[in-house]
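Top to bottom, those sequences are chains A and B.
Heads up: the first sequence is residues 1 to 114, going by the numbering used here.
Heads up: the second sequence is residues 1 to 113, going by the numbering used here.
The hints are simulated quantities; they were obtained by calculation from the structure and are not laboratory data.
Mixed in with the good hints, there may be bad ones.
[Stated by the list, open to error] Here are the simulated distance ranges between beta carbons:
(1) T20(A) x R60(B): 30 to 36 Å
(2) L45(B) x E79(A): 28 to 34 Å
(3) K56(B) x T77(A): 24 to 30 Å
(4) H75(B) x T77(A): 21 to 27 Å
[Said to hold, decoys possible] Counterexamples of contact, computed for chain A against chain B with all Cβ distances above 12 Å:
(5) I4
(6) P8
(7) T13
(8) E14
(9) T26
(10) H41
(11) R44
(12) E59
(13) G63
(14) K70
(15) V88
(16) S94
(17) N101
(18) T102
(19) I103
[Stated by the list, open to error] Distance condition first, Cα-Cα at most 25 Å in a straight line; then the derived DMTMM-like pairs of lysine to aspartate or glutamate:
(20) K11(A) x E41(B)
(21) K11(A) x E38(B)
(22) K70(A) x D54(A)
Note that CB positions come from ideal geometry on N, CA and C, so glycine has one too.
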Amino acid sequence: DAGITQSPRHKVTETGTPVTLRCHQTENHRYMYWYRQDPGHGLRLIHYSYGVKDTDKGEVSDGYSVSRSKTEDFLLTLESATSSQTSVYFCAISVGGYSGNTIYFGEGSWLTVV
Amino acid sequence: TQLLEQSPQFLSIQEGENLTVYCNSSSVFSSLQWYRQEPGEGPVLLVTVVTGGEVKKLKRLTFQFGDARKDSSLHITAAQPGDTGLYLCAGVSGGTSYGKLTFGQGTILTVHP
């Protein structure tokens, strides 16, 4: 599992509340990613990070923010959750950090916004 | 925006049959990866193909990368119930994209005993 831990694994929250998902890695890899998975869409990149305090947007970044204050932690925040953000969220790391290297995924965080 | 079209979306077959899953794009990728995902878990990398025309075999699974590096296929010979799962192709962007993945929609494979 490449030492990736996601928390919480399951969460139900109300519309309009803030939510933070945490991704923790134990191997100090530089590149980390947040994806969401929805039926019929595969996985879509939300945000990614290429180092401490270095982050950039993916293809579905609206409504999400991220922070990376330490190499090992990459946080995904929904400032004001909406029902369209009900999804499964996966954190991933890139071993080596360059295209073609192995991407390892965490076990996922199931978020339901009611 | 790069897109990957994966087909078929659903595949239900009997044990022992062969099958092929296709992954097509109008964009060129630096490499293409295939993942398998079990319910309740994250995707797990099966293979990476890098060179146009490349063919890789993993036991009963054969992966091919198109000559123009825009398409790929996954062929499973003599499918077994243990092959059941979600199969995803993903294009890897190179250069300054730091290995970002563009995923196809996925193929849900069910192999019946």
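A quick look at each hint next to the structure:
| no. | hint | verdict |
| --- | --- | --- |
| 1 | T20(A) x R60(B): 30 to 36 Å | 43 Å, violated |
| 2 | L45(B) x E79(A): 28 to 34 Å | 32 Å, holds |
| 3 | K56(B) x T77(A): 24 to 30 Å | 39 Å, violated |
| 4 | H75(B) x T77(A): 21 to 27 Å | 42 Å, violated |
| 5 | I4 | 8 Å, violated |
| 6 | P8 | 15 Å, holds |
| 7 | T13 | 20 Å, holds |
| 8 | E14 | 25 Å, holds |
| 9 | T26 | 16 Å, holds |
| 10 | H41 | 6 Å, violated |
| 11 | R44 | 7 Å, violated |
| 12 | E59 | 7 Å, violated |
| 13 | G63 | 18 Å, holds |
| 14 | K70 | 19 Å, holds |
| 15 | V88 | 9 Å, violated |
| 16 | S94 | 5 Å, violated |
| 17 | N101 | 6 Å, violated |
| 18 | T102 | 6 Å, violated |
| 19 | I103 | 6 Å, violated |
| 20 | K11(A) x E41(B) | 16 Å, holds |
| 21 | K11(A) x E38(B) | 20 Å, holds |
| 22 | K70(A) x D54(A) | 11 Å, holds |
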